[in-house]
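Protein chains: 2
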Amino acid sequence: MPEVKPSLANQHNQQLANVLPSPIRVIDAEFSEIAGLIKLTLGEPDFAVPEHIKQAAKRDIDNDDSHYAQPAGHLELREAISNYLVNRFQAPRYDPNNEIAVTVGASEALFATMSGLFNPGEKIIIPTPSFPMYDAIAKILGLEIVGLSTAPDYRLTPEKLAPVLEANPDAKGILINYPSNPTGVTYDEAEVSALAELLGQRDMVVISDEIYAELCFDGPHTTMSKLLPEQTILVSGLSKSHAMTGYRVGYVAGPQALMQHVTKMHQFLVTTAPGPMMAAADEALNNGLQDAEEMRDAYQARRDIVQSGLEAAGFTVARPSGAFYIFAKIPEAIGMDDMAFVRDLAKEALVGVAPGLIFGEGGEGNIRLSYAASTEDLEESMRRIQAYMAKKLQA
Amino acid sequence: MPEVKPSLANQHNQQLANVLPSPIRVIDAEFSEIAGLIKLTLGEPDFAVPEHIKQAAKRDIDNDDSHYAQPAGHLELREAISNYLVNRFQAPRYDPNNEIAVTVGASEALFATMSGLFNPGEKIIIPTPSFPMYDAIAKILGLEIVGLSTAPDYRLTPEKLAPVLEANPDAKGILINYPSNPTGVTYDEAEVSALAELLGQRDMVVISDEIYAELCFDGPHTTMSKLLPEQTILVSGLSKSHAMTGYRVGYVAGPQALMQHVTKMHQFLVTTAPGPMMAAADEALNNGLQDAEEMRDAYQARRDIVQSGLEAAGFTVARPSGAFYIFAKIPEAIGMDDMAFVRDLAKEALVGVAPGLIFGEGGEGNIRLSYAASTEDLEESMRRIQAYMAKKLQA
Numbered sequence: 075m076p077e078v079k080p081s082l083a084n085q086h087n088q089q090l091a092n093v094l095p096s097p098i099r100v101i102d103a104e105f106s107e108i109a110g111l112i113k114l115t116l117g118e119p120d121f122a123v124p125e126h127i128k129q130a131a132k133r134d135i136d137n138d139d140s141h142y143a144q145p146a147g148h149l150e151l152r153e154a155i156s157n158y159l160v161n162r163f164q165a166p167r168y169d170p171n172n173e174i175a176v177t178v179g180a181s182e183a184l185f186a187t188m189s190g191l192f193n194p195g196e197k198i199i200i201p202t203p204s205f206p207m208y209d210a211i212a213k214i215l216g217l218e219i220v221g222l223s224t225a226p227d228y229r230l231t232p233e234k235l236a237p238v239l240e241a242n243p244d245a246k247g248i249l250i251n252y253p254s255n256p257t258g259v260t261y262d263e264a265e266v267s268a269l270a271e272l273l274g275q276r277d278m279v280v281i282s283d284e285i286y287a288e289l290c291f292d293g294p295h296t297t298m299s300k301l302l303p304e305q306t307i308l309v310s311g312l313s314k315s316h317a318m319t320g321y322r323v324g325y326v327a328g329p330q331a332l333m334q335h336v337t338k339m340h341q342f343l344v345t346t347a348p349g350p351m352m353a354a355a356d357e358a359l360n361n362g363l364q365d366a367e368e369m370r371d372a373y374q375a376r377r378d379i380v381q382s383g384l385e386a387a388g389f390t391v392a393r394p395s396g397a398f399y400i401f402a403k404i405p406e407a408i409g410m411d412d413m414a415f416v417r418d419l420a421k422e423a424l425v426g427v428a429p430g431l432i433f434g435e436g437g438e439g440n441i442r443l444s445y446a447a448s449t450e451d452l453e454e455s456m457r458r459i460q461a462y463m464a465k466k467l468q469a
Numbered sequence: 075m076p077e078v079k080p081s082l083a084n085q086h087n088q089q090l091a092n093v094l095p096s097p098i099r100v101i102d103a104e105f106s107e108i109a110g111l112i113k114l115t116l117g118e119p120d121f122a123v124p125e126h127i128k129q130a131a132k133r134d135i136d137n138d139d140s141h142y143a144q145p146a147g148h149l150e151l152r153e154a155i156s157n158y159l160v161n162r163f164q165a166p167r168y169d170p171n172n173e174i175a176v177t178v179g180a181s182e183a184l185f186a187t188m189s190g191l192f193n194p195g196e197k198i199i200i201p202t203p204s205f206p207m208y209d210a211i212a213k214i215l216g217l218e219i220v221g222l223s224t225a226p227d228y229r230l231t232p233e234k235l236a237p238v239l240e241a242n243p244d245a246k247g248i249l250i251n252y253p254s255n256p257t258g259v260t261y262d263e264a265e266v267s268a269l270a271e272l273l274g275q276r277d278m279v280v281i282s283d284e285i286y287a288e289l290c291f292d293g294p295h296t297t298m299s300k301l302l303p304e305q306t307i308l309v310s311g312l313s314k315s316h317a318m319t320g321y322r323v324g325y326v327a328g329p330q331a332l333m334q335h336v337t338k339m340h341q342f343l344v345t346t347a348p349g350p351m352m353a354a355a356d357e358a359l360n361n362g363l364q365d366a367e368e369m370r371d372a373y374q375a376r377r378d379i380v381q382s383g384l385e386a387a388g389f390t391v392a393r394p395s396g397a398f399y400i401f402a403k404i405p406e407a408i409g410m411d412d413m414a415f416v417r418d419l420a421k422e423a424l425v426g427v428a429p430g431l432i433f434g435e436g437g438e439g440n441i442r443l444s445y446a447a448s449t450e451d452l453e454e455s456m457r458r459i460q461a462y463m464a465k466k467l468q469a
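Taken in order, these protein sequences are the chains called A and B.
Each step along the first sequence adds one to the number in my numbering, with nothing skipped, and position 11 is 85.
Each step along the second sequence adds one to the number in my numbering, with nothing skipped, and position 190 is 264.
Read the hints as simulated data drawn from the structure, not as lab findings.
Built from N, CA and C at the ideal position, the CB exists for glycine as well.
Do not take every clue at face value.
Here are the simulated SDA-like cross-link-like pairs (lysine to any residue), alpha carbons at most 20 Å apart as the crow flies [unchecked claim]: (1) K300/A to V78/B; (2) K197/B to Q89/A; (3) K213/A to L215/B.
Reference listing, derived: stretches of chain A covered by chain B, where coverage requires no fewer than 3 residues with Cβ under 8 Å from a Cβ of chain B [to be verified]: (4) 81 to 89; (5) 95 to 104; (6) 131 to 142; (7) 148 to 162; (8) 410 to 421.
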């Protein structure tokens with residue numbers, strides 16, 4: 075346990091210091107101390123990786139796939155990604171050779187994309203509430219973040235987007251995410267099309283994080299890459315669709331002129347992704363569409379439990395059409411801000427949820443509940459929350 | 075195959091654009107086109123991962139370790155790293171809880187360290203010839219690189235280091251690497267101690283990349299972390315010691331005051347490393363010391379083949395005491411620079427080696443040969459090189 079030389083104790087990246095440590099994980103760690111608490115804080119599927127996918131990873135290990143893969147990843151996996159995106163979402167046919175890069179989860183995909191394409195001081199629009207890592211990476215890179223609150227219904231519309239675009243004609247990019255973490259909101263083809271039309275009038279890179287694309291409950295997913303291919307960088311991965319979070323396989327697809335920089339940056343970040351985990355992803359995309367459907371159906375049933383449960387408890391919820399989150403407005407009568415509320419709920423009702431303010435402007439006054447949990451835990455949580463709310467609202 | 079919107083074709087990180095794509099891989103790709111060529115360009119062990127390590131990874135997959143690990147990695151692995159460093163190298167006992175982070179290979183370890191600890195414009199000393207990624211990452215981060223050529227014997231000594239330190243009292247860090255890629259040079263305890271004493275007089279972070287520590291042929295490895303713990307950030311990994319390049323497991327260890335920033339940066343880069351690959355690393359460190367020894371002995375025998383082979387062919391070699399590279403000076407009489415030479419050698423003698431200039435100042439006029447290749451290929455390469463040289467020197 076070496077002590078640092080005192081003169082070095084303050085040597086660190088100043089931009090990084092301005093970023094809070096992942097706030098969801100801080101809250102989650104706090105709640106881990108409370109005995110008997112049901113934690114619905116993290117976006118972590120409770121499913122296991124399907125057996126045939128595990129077998130594929132094990133076969134790959136047996137086959138000694140332990141040498142460096144190409145920087146952009148196994149070519150077979152890039153081919154599988156290209157085919158999957160066309161067949162499943164009618165995306166453009168991305169060239170596996172130079173328009174797709176396999177990354178270490180969607181996290182590295184986002185970092186490689188944002189650091190590969192933008193320069194310090196350049197403006198990027200990040201609609202909120204959103205995944206806190208977007209804001210963090212942009213800050214670390216010294217980008218100028220342009221906010222855009224989608225409250226109160228948490229839907230990004232041309233009406234909300236147009237004035238921000240007009241006020242920021244020099245913005246170089248926008249980072250959108252649907253189905254949304256933390257709101258569960260998603261868009262149908264007409265809605266995506268309206269956004270694409272507006273964004274198509276601007277010279278702006280559209281980073282579209284569609285990691286929850288397989289988890290759409292009320293209609294098919296429409297990818298931005300289909301409607302605005304010449305401006306879109308598509309970010310996705312296997313973590314949510316196949317419960318493969320711990321395998322860390324993500325990807326980026328886009329026009330070669332942009333992807334050359336993303337792939338180059340990726341190479342300097344991690345060299346390449348681990349081979350056996352890529353083999354698992356290859357199997358998931360080639361032979362695992364059914365798995366994603368089964369998980370989606372399970373999440374949908376859980377969505378119904380928490381939506382009706384929270385509405386019965388007095389919350390107003392954004393229509394949760396995808397992902398595995400529900401974003402719910404705390405009734406005014408409760409008289410607590412969301413941070414105080416989630417701490418009180420954890421202590422009194424033994425249910426852990428995330429406070430809305432950590433997802434940025436517009437999130438305050440809400441809770442985010444992740445329903446990537448067992449049906450039993452969700453039903454018990456609803457009973458606890460309803461009892462707690464009844465008591466509070468009576469008082 | 076979408077075409078980019080023409081107005082976006084030039085949207086990219088300008089610092090990144092100043093960095094060449096990995097030059098070793100460019101050369102390697104060029105040589106891949108030549109039929110019958112023996113490639114000795116990349117630093118890629120030809121061994122397979124030992125069977126018990128593969129079994130550990132497969133067991134971990136079977137045990138459904140497919141959820142997010144803690145950001146710094148499996149705690150058991152961090153404990154194994156801490157114990158290994160103490161037992162094997164008498165390193166300080168790093169606290170697994172906050173002084174060690176598991177990364178996606180040593181590449182990500184370097185990126186997380188350099189981006190976590192330094193700010194644009196800050197000076198970092200990078201002795202050369204060195205692994206080109208050091209220079210690339212420093213450039214991407216906007217650091218000011220202070221050069222220090224270790225030619226002609228490629229040993230970093232207090233005599234070479236002192237004037238550079240004096241001329242740069244404001245340097246915030248230095249990045250050293252031993253056993254060295256590309257030269258194979260390493261240092262005994264007295265030599266490391268002399269460097270540590272000099273560096274200890276400065277307020278400077280010492281990033282010590284010791285990824286080849288298990289591959290020392292002429293004496294034990296001395297870690298900088300033992301001699302200068304209060305300033306050292308130790309970077310290492312399993313890629314070279316256990317032929318696990320494709321599994322991508324590296325790590326960083328250092329005083330908590332510095333590690334907190336490295337670990338935080340790591341989290342924003344990749345969230346965490348993949349679980350099954352960490353389980354493999356855990357097994358390697360707990361039960362695989364013998365594997366590393368066997369590989370070292372094999373490399374040592376190959377080192378002898380290429381050292382005597384190249385000397386017989388007329389090259390002057392830096393004493394290659396570690397890693398699996400030999401750095402050899404092209405005889406003046408050949409009359410070609412190293413880039414022309416390696417291209418001619420590839421075409422005429424069907425042996426692919428890397429030109430010294432891609433490793434930075436002091437490297438020009440040399441070749442780097444990686445002897446992480448089969449004994450048969452190395453023996454045949456020596457025959458080809460000797461025949462080629464005899465012909466050239468006769469002409």
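A quick look at each hint next to the structure:
1. K300/A to V78/B: holds (13 Å)
2. K197/B to Q89/A: holds (17 Å)
3. K213/A to L215/B: Holds, at about 14 Å.
4. 81 to 89: It holds, with 8 qualifying residues against the three required.
5. 95 to 104: holds (count 3)
6. 131 to 142: It holds, with 9 qualifying residues against the three required.
7. 148 to 162: The restraint on the region 148 to 162 of chain A is violated, since only 0 of its residues have a Cβ under 8 Å from chain B and three are required.
8. 410 to 421: violated (count 0)
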